[in-house]
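Hey, can you work out the whole structure from these sequences and the hints?
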Amino acid sequence: MHRTGELYGQFQTLDQQKESATLGMWVFLITEILFFGGVFMAYTINRHAYPTAFGVGGNMLDLGLGFGNTIVLIASSFTMAMSVWSAQTSRKKAVPVWLVATLALGSVFLGIKVVEYKQKFDHHLIPGHGFDITYCSNNPSACGLSGKALEDEKKEIEEGIRAETDDPNTPEGLARGLIALNAHAQLYFSLYFGMTGLHALHMIIGAGLLLWLIFEGFKGRFDANYNTPVENIGLYWHFVDIVWIFLFPLLYLINRHLA
Amino acid sequence: MIAVCAFFALVICAAVIYFFFKYQRKRPDEVGVPIHGDMRLEIAWIVLPFFLLMAMFGWGAVIYVDYRHTPNDTLDISVIGKQWMWRLQQPDGRREINELHVPVNRNVRLIMASEDVIHDFSVPAFRVKMDVVPGHYNTMWFRPTKSGRYHFFCSQYCGTNHAVMGGWVTVMEQDEYAKWLSGTLASEDPVAVGEKLYSDLACSTCHQPDGKGRGPSYNGVYGSHVKLADGSTALADDNYIRESILQPNAKIVAGFQPVMPSFQGQVTEDQIAALTAYIKSLKDQAPPGKPGAAESATGKK
Amino acid sequence: MAEHSEHIVSPKIYAAVLTALLAGTVLTVQAAKIDLGRWNIVLALTIAVTKMTLVILFFMHGKYSSRRTKLIIASGFFWLAIMLVLTLADYTTRHPEPSRSQLQPTPARTGSVPSGFSA
Amino acid sequence: MSSVQQPPLSPQPLAEQQLPREHYLNATYGIRSWLLTTDHKRIALLYLISVTFFFFVGGIFATLIRIHLLTPGGYLVTPETYNKLFTMHGVAMIFFFLIPSIPAVLGNFLIPIMIGAKDLAFPKINLLSWYIYLVGGAFVLYSFATGGLDTGWTFYTPLSSIYSNSAVTPAVIGIFINGFSSILTGLNFIITVHTMRAPGMTWFRLPLFVWANYATSIIFVLGTPVIAITLLLAGLERMFHMGFFNPVYGGDPILFQHLFWFYSHPAVYIMILPAMGVVSEIIPTFARKPIFGYDFIAASSIGIAVIGFIVWAHHMFVTGQATYAALAFSFLSYLVAIPSAVKVFNWTATLYKGSISFDTPMLYGLGFIGLFTIGGLTGLFLACLGLDIHLHDTYFVVAHFHYIMVGGAIMGYLGGIHFWWPKITGRLYPEYLARIAAITLFVGFNLTFFPQFILGYLGMPRRYHNYPPEYQVLNVMSTAGASILALGYLLPMIYLTWSMRYGKIAGKNPWPATGLEWTTDSPPLTENFHETPVVEWEPYDFLHRPELGLLGATSKKPAPAHGDD
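Chains as they are written, first to last, in our numbering: chain Y, 1 to 259; chain R, 260 to 560; chain X, 561 to 679; chain V, 680 to 1244.
It should be emphasised that the hints constitute simulated quantities derived from the structure, not laboratory data. Don't be surprised by glycine CBs; every beta carbon is placed ideally from N, CA and C. Mixed in with the good hints there might be a few duds.
Said to hold, decoys possible - Distance ranges between label pairs, derived from CB positions: (1) V:LEU755 with R:ARG365: 40 to 48 Å; (2) Y:GLY9 with R:PRO293: 23 to 31 Å; (3) R:ASN508 with Y:LEU150: 39 to 47 Å; (4) X:ASP595 with Y:THR89: 45 to 53 Å; (5) Y:LEU7 with X:ARG627: 41 to 49 Å; (6) V:TRP713 with X:LEU631: 31 to 39 Å; (7) Y:GLN119 with X:LEU596: 43 to 51 Å.
As the list claims (entries may be wrong) - Once the Cα atoms are required to be at most 27 Å apart in a straight line, the calculated DSS-like pairs of lysine-lysine come out as: (8) R:LYS510 with R:LYS486; (9) X:LYS593 with Y:LYS113; (10) X:LYS623 with X:LYS572; (11) Y:LYS120 with Y:LYS148; (12) Y:LYS113 with Y:LYS154; (13) Y:LYS92 with X:LYS623; (14) X:LYS593 with Y:LYS154; (15) X:LYS593 with Y:LYS120; (16) R:LYS405 with R:LYS455; (17) Y:LYS93 with Y:LYS219; (18) V:LYS1032 with R:LYS281; (19) V:LYS803 with Y:LYS219; (20) Y:LYS148 with X:LYS572; (21) V:LYS1183 with R:LYS285; (22) R:LYS539 with R:LYS455; (23) R:LYS539 with R:LYS510; (24) R:LYS341 with R:LYS510; (25) Y:LYS155 with X:LYS593; (26) R:LYS285 with V:LYS1187; (27) R:LYS455 with R:LYS510; (28) R:LYS405 with R:LYS438; (29) R:LYS455 with R:LYS341; (30) Y:LYS92 with X:LYS572; (31) Y:LYS154 with Y:LYS120; (32) R:LYS285 with V:LYS1032; (33) R:LYS471 with R:LYS455; (34) X:LYS572 with Y:LYS93; (35) R:LYS542 with R:LYS471.
And the structure:
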């Protein structure tokens, strides 16, 4: 196979250049593993300390949206892989088409994320002064809660309070339990926003890179002899997908069997 | 251990210096003997230090495990760290600020918590030290063997007045300790007692004479009209001082934050009287800011 | 050398991986709804790790890359494991003294107390 | 041809030498050609200027600290200012001087030349990382200028995330940004060493300096992201009242320390490993014999990098972490002493039967061995659980890490600067002044920091703006030493700057040394070599290199094996 493309001055051959670029991307990705590793560490320790509050917090997320997002992101990984394949097999026309599909799916993901964030904001689940884990069960109409869902949420918060308090038999003890639950649930939501926020930031960066690829792809630049950018940005995109593969069960599926 | 380390330090330095002079270059084009290495030597200086290091590790580990494992028959003192003072409470409820009285030859356990940031309770003379972490109880224990007064420090950096967040551990004979627990101090000049309390209770960390601390200066306060945060004024008389010590947030001086903790239950009536006497004695001191415009200067800060 | 990493994976494999990933997602949601005690998290993570392995091996061509690349990937996870395992070694062997979960947090300046809960 | 008297010897007749007609410094002119350069040598010089700036910023803070501590009461500055001084000293020195110093200056300049490449694998990313460093530095300077920083360089929560009233946010952002500069530099080095080596430059012919920087890069790449995320979380806690470590929400401040030291302990090895690399170059050159145990020194660099990652919680023995964890970490900390000891033993053995000269780099190199030995051995005290209870957070710790960082890293850095100065500028520095400076530094350093060991042993806690009067004598000694030290740092600044213009022309290989970098012009071309070099000799082999003009040189044939025989 004969490579084409610009040979940068520091390299002797195009093969060497391509190898360096791919290897460089992988090294970058392992720094990303450690980067996300830090938040995962914080998550592990805090969940280990407060399993109940994390369960209560996790069940306040919208499972449907999270599940949908997972599907969307996995599909985008597939389309990304297909664009790399198209480039490797010199299907020049197909490359940007698959890339556009990837970008579209990525945008859907981010759109759903915005909806979710907005929902959390309305439900008083942003850590800080206004945080109130009981907001929805006290104002069911504001959250669109009714019937069994409302009963479940109330029951769950009550169980959470009982688990967090030192004395479930007195009103003072229950009040302390509520304060504890509310505090520890804020830890959960801090981690939720921190982790999904970082992930979303990576998605946004990835979308920017995709835009550039699409632009170049329509010019027909990527083929079997020159496809390093598609491949490397593909690696990045798959990595972001992997992060979400872990975030989804860790954030959304902590305690679903209780509800 | 020092001996082992010193030995190695000396051997290395001596070898370097010896080689340095012994094998000094004698002519500019001279080359050293091409020795590439010696497997036996390499293995020797990997294995031998390993055993030495393991010996040190074992020795340190035994001490540490002993230190972290509290015996059962302890005198429990509760310690609370707060920016920038220590509150210590005897088992019978008696509280002290930046002072700790313990009996000699008795195992003492400190159960420590922090109200704000991480502090560290350290008594160099006893070779003990433990961080005081918010949201978490840490304990440490020691057994004083000689009576006397020993410094204790905060040794985890905790903010502006970290360096003055310390005090004294007083180790007393058992019977003296019992007397101290039940009785009071011998009577002295109330102003001197008050002045001592001013530093012992760490009033001085906030109420600095120049008025730049977190609380107002005492200088010239007594008998003056103090401007309060809500706009009113109050006459600084004995009752005002008493209230400020016991319910500090009842009247807040303009320009200051309600950050002072209550000393209710930690000071006796005698001590309040002594503190009042001390503040009275500062009546004629120039207050901070322009002389004569003390209160307004403080108020506009 | 680079030719080795130039292995072209067929779309059929991609489609198979996609199916497996989607199936895994459904499976993990269903599994979470059954109460397995502490095994819920184990199962969820096992599924997640499997999915990740599929993505790395096929979508990211990990299966076909050079030993050097494989070593780099492995070292990333190895270091992550160091961090997790050694930190957990501390947390899981802490003293049975009053632990922080038994302490009530002080209602402090940034915390907020909810306006009463009526269950 | 073995014992024939060789003609021109080292140092070669200098007057006849000329600078090469074209080299990287005069290839292009103008400020744009520097600010937009992708030449690793020019980027190294840009780094040299910027890290020197931060060194003097940190140095001024250090001077003020020492003057303040002359008297027990400490009347020079207020407690608040004092806290800001030592915090800013730490931040400037650690994140903006020590960490980038040797890798980004000497590593950048030398790694491509040493392995026979035209440049690093990603020259644009290299330039980018310098700009990232500048942006990070600008944020930190902004923080210094608008209220300073009083959290300690360790940024322990909740002091940093909730209680401090100083400009923590910009500083945290600055260090976060600066982290990416480190990551990209490390990434660049790793890829370069893997893919850009010249023909014949096998892994076991790599100079030990390259091995050391490779090990450092591993830490850059695997450790730095963790500090980035940790400080980001602390910053989010401060800015948006989120909770990760906040005890108010039930979070654990100790977790911050775990994450912080997961990077910051290996960061110590980021500082010392490259310095070890420099010393591993200097010692064989000036003892003029092959390094003793090449394989072991190379392997110990990687060993230190790897083991260095699993010892971090020895900074936390008194935080209330689990006893078992403390035991494990103490044990692992002792393990990391072994590769360090192996290096020291090997350097010392290299001197045996050498032909040792007094040149300045050698003085720094030998100073490094002595100071690093003391610093390393006192580390054993701190790794010892029982002793650490007493010594933790006292001046003993301060003295220990200054012996490693200043006595080790800065000695190595200055030694390296002097050693490669002829290569960087094409000119020699004034030898006698340089020797005086090296000795001044050595004396001043020991006078400053040795008393601090005793202070720490006596129990004086660190980060105190005042202290009980019984500690005064030792503090005065320390301050006196610091003034000598300050003089010792100013001296090289002056004569090195002077020599850039007026120094004697150095020629290709003034020492002579065996590395590939000494076979090209001084200063080198933009492309480093006129033609791609082919390496046919083993590292540090003086005997089979007749072109070096040394006594007893035989054929140019490579020796059969590279190392221990």
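Hints versus structure:
Between LEU755 of chain V and ARG365 of chain R the beta carbons are some 43 Å apart, a value that agrees with the proposed interval 40 to 48 Å. Our hint of 23 to 31 Å for GLY9 of chain Y and PRO293 of chain R is violated, since their Cβ atoms are close to 38 Å apart. Separation of ASN508 of chain R from LEU150 of chain Y is about 41 Å and conforms to the stated range, judged on CB atoms against 39 to 47 Å. Between ASP595 of chain X and THR89 of chain Y the C-beta distance comes to about 48 Å, which sits within the given range of 45 to 53 Å.
In this structure the hint that LEU7 of chain Y and ARG627 of chain X lie 41 to 49 Å apart at CB is violated, the actual value being about 26 Å. Checked against the hint of 31 to 39 Å, the pair TRP713 of chain V and LEU631 of chain X passes, with Cβ atoms roughly 38 Å apart. Evaluation of the 43 to 51 Å hint for GLN119 of chain Y and LEU596 of chain X yields a failure: the beta carbon distance comes to about 29 Å. Under the criterion of a C-alpha separation no larger than 27 Å, the hint pairing LYS510 of chain R with LYS486 of chain R is consistent with the structure, at around 10 Å.
Of the supplied pair hints, the one linking LYS593 of chain X and LYS113 of chain Y holds, its CA atoms being roughly 23 Å apart against a limit of 27 Å. Taken as a hint, the LYS623 of chain X and LYS572 of chain X pair is honoured in the structure, with Cα atoms around 16 Å apart against an allowance of 27 Å. For the given pair, LYS120 of chain Y sits about 20 Å from LYS148 of chain Y by alpha-carbon distance, which is consistent with the 27 Å threshold. Under the criterion of a C-alpha separation no larger than 27 Å, the hint pairing LYS113 of chain Y with LYS154 of chain Y is consistent with the structure, at around 26 Å.
Our distance criterion of 27 Å between C-alpha atoms is met by LYS92 of chain Y and LYS623 of chain X, whose separation comes to about 25 Å. The hinted pair formed by LYS593 of chain X and LYS154 of chain Y meets the criterion: a straight-line CA distance of about 19 Å does not exceed 27 Å. A threshold of 27 Å between alpha carbons decides the hint, and for LYS593 of chain X with LYS120 of chain Y the separation of about 23 Å falls inside it, so the pair holds. Our distance criterion of 27 Å between C-alpha atoms is met by LYS405 of chain R and LYS455 of chain R, whose separation comes to about 25 Å.
Between LYS93 of chain Y and LYS219 of chain Y, the direct Cα distance comes to roughly 9 Å. Compliance with the 27 Å bound is thereby established for this hinted pair. Under the criterion of a C-alpha separation no larger than 27 Å, the hint pairing LYS1032 of chain V with LYS281 of chain R is consistent with the structure, at around 8 Å. At roughly 24 Å between alpha-carbon atoms, LYS803 of chain V and LYS219 of chain Y fall within 27 Å of each other, so this suggested pair holds. In summary, the hint linking LYS148 of chain Y to LYS572 of chain X is not supported, as the alpha carbons are separated by about 44 Å, beyond the 27 Å threshold.
At most 27 Å may separate the alpha-carbon atoms for a hinted pair to count; LYS1183 of chain V and LYS285 of chain R meet this at roughly 24 Å. For a cut-off of 27 Å, the pair hint linking LYS539 of chain R to LYS455 of chain R stands: about 15 Å separates their Cα positions. Annotation: proposed proximity of LYS539 of chain R to LYS510 of chain R holds, straight-line Cα distance about 19 Å (limit 27 Å). Annotation: proposed proximity of LYS341 of chain R to LYS510 of chain R holds, straight-line Cα distance about 22 Å (limit 27 Å).
Our distance criterion of 27 Å between C-alpha atoms is met by LYS155 of chain Y and LYS593 of chain X, whose separation comes to about 17 Å. Distance restraint check for LYS285 of chain R and LYS1187 of chain V: the Cα-Cα separation of roughly 24 Å lies within the 27 Å cut-off, and the hinted pair is therefore satisfied. Of the pairs offered as hints, the one joining LYS455 of chain R and LYS510 of chain R holds, with about 25 Å between alpha carbons and a cut-off of 27 Å not exceeded. Restraint check for LYS405 of chain R and LYS438 of chain R: satisfied, since their Cα atoms lie roughly 18 Å apart, inside the 27 Å limit.
For the hint pairing LYS455 of chain R with LYS341 of chain R, the CA-to-CA distance comes to about 20 Å; that is within 27 Å, so the pair holds. A distance of roughly 20 Å separates the Cα atoms of LYS92 of chain Y and LYS572 of chain X; the hinted pair therefore holds under the 27 Å criterion. A threshold of 27 Å between alpha carbons decides the hint, and for LYS154 of chain Y with LYS120 of chain Y the separation of about 18 Å falls inside it, so the pair holds. Between LYS285 of chain R and LYS1032 of chain V the CA atoms are separated by roughly 12 Å; this keeps the pair inside 27 Å, and the hint holds.
Restraint check for LYS471 of chain R and LYS455 of chain R: satisfied, since their Cα atoms lie roughly 21 Å apart, inside the 27 Å limit. At roughly 20 Å between alpha-carbon atoms, LYS572 of chain X and LYS93 of chain Y fall within 27 Å of each other, so this suggested pair holds. Of the pairs offered as hints, the one joining LYS542 of chain R and LYS471 of chain R holds, with about 18 Å between alpha carbons and a cut-off of 27 Å not exceeded.
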